[in-house]
Amino acid sequence: MDAAALLADLQAAFPGAAPRPSADMPGLDVPAADLPAAVTRLRDAHGFDLLADLCGVDRGPAVSPRFSVVVHLLGSGHHAYLRVAAACPDDAAPEAPSLTAVHPGADWHEREAFDMFGIRFAGHPDLRRILMWDGYPHHPLRKEFPLAGMPVDLPAADVAAVTGRRVEPAPMMGGPFVSPGGTMAKAEPVARDESWNEENPKP
Amino acid sequence: MRTTKEISLGDVAARSEELGAERMSLNLGPSHPATHGVLRLRLELDGDTVTQCDPVIGYLHRGDEKIAEAMTYNQFVPYTDRLDYLAPLANNVAYALAVENLAGIRVPPRCEAIRVVCCELARISSHLLGIGVYAMDTGAWTVFMYTFNEREKLYTLFEELTGARFTTSYTRVGGVARDLPEGWTGRVEGFCDGVLRVVDEVDALLTRNRIFLERTEGIAPISRELALAHGLTGANLRASGVPLDLRKDRPYSGYGQYAFDVPVGTKGDCYDRYLVRMEEMRQSVAIVRQALARMPDGPVACVDQRRIVLPPKDKVMTRMEELIQNFMLVTEGPQVPAGECYFEAENPKGALGFYVVSRGGGVPFRLRIRGPSFVSLSILPKVVPGHHLTDIPSILGSLDFVMGECDR
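Line order of the protein sequences matches chains A and B.
Last residue of the first sequence: number 202 in numbering that gives the first Met the number 0, and the count goes up by one each step with no gaps.
Last residue of the second sequence: number 407 in numbering that gives the first Met the number 0, and the count goes up by one each step with no gaps.
There could be a bad hint or two in this list.
[Said to hold, decoys possible] Partial selection, computed: residues in chain A whose CB lies under 10 Å from chain B: (1) Ala22; (2) Asp52; (3) Arg58; (4) Pro103; (5) Trp107; (6) Asp125; (7) Ile129; (8) Phe144.
Derived by calculation from the structure, the hints in this document are not laboratory data.
What you are looking at is a predicted structure, and each value in this text was computed from that prediction instead of being measured.
Beta carbons are placed, not taken as given, at the ideal position from N, Cα and C, and that holds for glycine.
Build the full structure now, drawing on both the sequences and the hints.
Structural data, given as structure tokens:
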């Protein structure tokens with residue numbers, strides 16, 4: 000696999016493409032709009048048929064373009080890697096075209112990049128959160144998100160709002176045994192032996 | 000006299016509205032023995048047949064990628080133990096290699112050989128558990144007892160080597176934490192003899208077992224095209240007939256010098272995935288034996304890389320330069336140049352990838368973890384529909400995933 004010829008071919012096909020300085024593998028920067036076409040060309044003409052990874056990168060609120068999508072491709076025939084990166088033009092509402100039509104395996108990777116960075120993938124069939132729960136308000140891998148996290152309502156609160164039922168706290172003792180009526184202290188002999196339970200608070 | 004009319008399944012499907020048939024939605028998991036961890040499958044059933052499968056993940060999400068941005072490269076090694084927690088040694092090695100690639104250093108031959116032994120023992124350990132619980136998923140209890148017993152011996156060896164049975168944290172950027180203990184290689188040789196006997200026994204118990212065949216053969220075939228399109232790696236990809244093995248095709252850590260075969264399946268069904276894993280264990284034993292037989296002498300870390308590798312402890316206590324080196328490394332971390340690097344290692348579950356973006360210094364700017372289990376699970380919506388509900392444990396077990404690595 001001749002890296003220079005590969006880059007020259009891509010640059011001829013996509014005038015906006017530029018080589019990306021990378022030490023470990025050939026790299027290519029393409030405009031976000033050209034990403035699906037470039038990856039399709041790489042798959043069909045250059046044998047990069049396996050999408051190894053797709054992830055978002057946030058360069059911090061002070062830098063523009065702030066968000067980019069980095070794709071790592073592998074050829075199952077020639078075993079060479081290639082890095083293709085596309086910067087999202089809009090810093091406030093980052094968006095990139097989806098690769099799911101080219102590599103169906105991009106589906107979950109794009110959902111994760113959306114979940115973690117808030118990058119929207121145009122044309123993704125089912126773009127929703129994957130690791131955090133639906134309704135979570137933040138994008139945790141953005142640089143301004145604090146490591147310690149931010150307090151949010153847990154899903155139990157909205158479950159209660161929808162179902163109208165209070166969410167029962169987990170039983171205090173006795174493990175998986177759930178007593179049909181009364182307190183654990185009455186129903187469970189194990190609990191009865193304790194010096195403290197629901198009725199007698201811990202000294 | 001009452002007459003009954005036979006109704007075929009096709010009639011039922013065509014007249015489902017009229018007959019009042021309705022689809023049932025069912026949650027499998029997140030806490031279910033067949034899901035091997037906290038995986039939840041949102042299923043839609045038509046009778047006993049699955050019509051839709053939507054995996055819900057994230058129950059074990061710990062934000063490892065965020066955590067990594069707040070600590071030095073070596074401090075993150077214990078977090079890699081908890082990715083694929085059935086093969087922590089292999090994760091340690093993959094992570095160390097990724098950072099070393101970025102730093103542009105290559106560890107000494109002895110360290111490479113030790114890492115190969117670690118990776119292959121981790122693979123044996125992971126496959127022993129994977130096949131043991133797979134047999135249990137498909138209704139055979141005994142196999143698990145044989146394989147778990149063997150894995151226990153392996154954990155004793157890991158404890159001697161690393162000080163911990165499970166969370167090994169054995170590698171450092173630029174080397175490994177300590178050299179092999181006295182007599183350890185001999186005990187590994189002994190283990191290799193024993194584990195081959197157990198693999199043969201499992202072979203005899205399962206490979207021609209009628210019940211096992213019924214539950215795995217022809218179930219969830221993944222075609223070569225589908226596997227490649229979804230980016231499957233490791234044994235799951237090879238079972239579909241793609242002979243891609245990074246140890247062979249992109250040799251790292253000196254894998255190029257060992258002779259081993261890459262088993263490949265033909266149909267890509269659950270049975271093929273089982274067969275590939277069985278053979279991989281035998282090949283791993285062959286690699287371990289070769290690596291032990293020609294274990295080179297020398298240091299186990301790049302001792303000349305003073306801005307990356309800690310100095311020897313005895314010198315720290317007696318010499319000024321080494322004391323400063325130790326202090327700088329512990330407080331500021333191994334100094335890695337600015338740049339980016341993506342490295343994938345052939346782990347037991349598939350290709351574990353680390354994408355490290357550095358702006359120089361001892362802390363990564365961004366660390367992306369590409370978990371093979373995440374990718375393996377993403378294929379479920381394609382392969383599960385059309386199968387019976389009772390096939391789901393077979394399919395899940397055959398993909399051999401770990402939620403720690405999927406959710407990260």
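### Query
Checking against the hints above, which ones are violated?
Violated: none.
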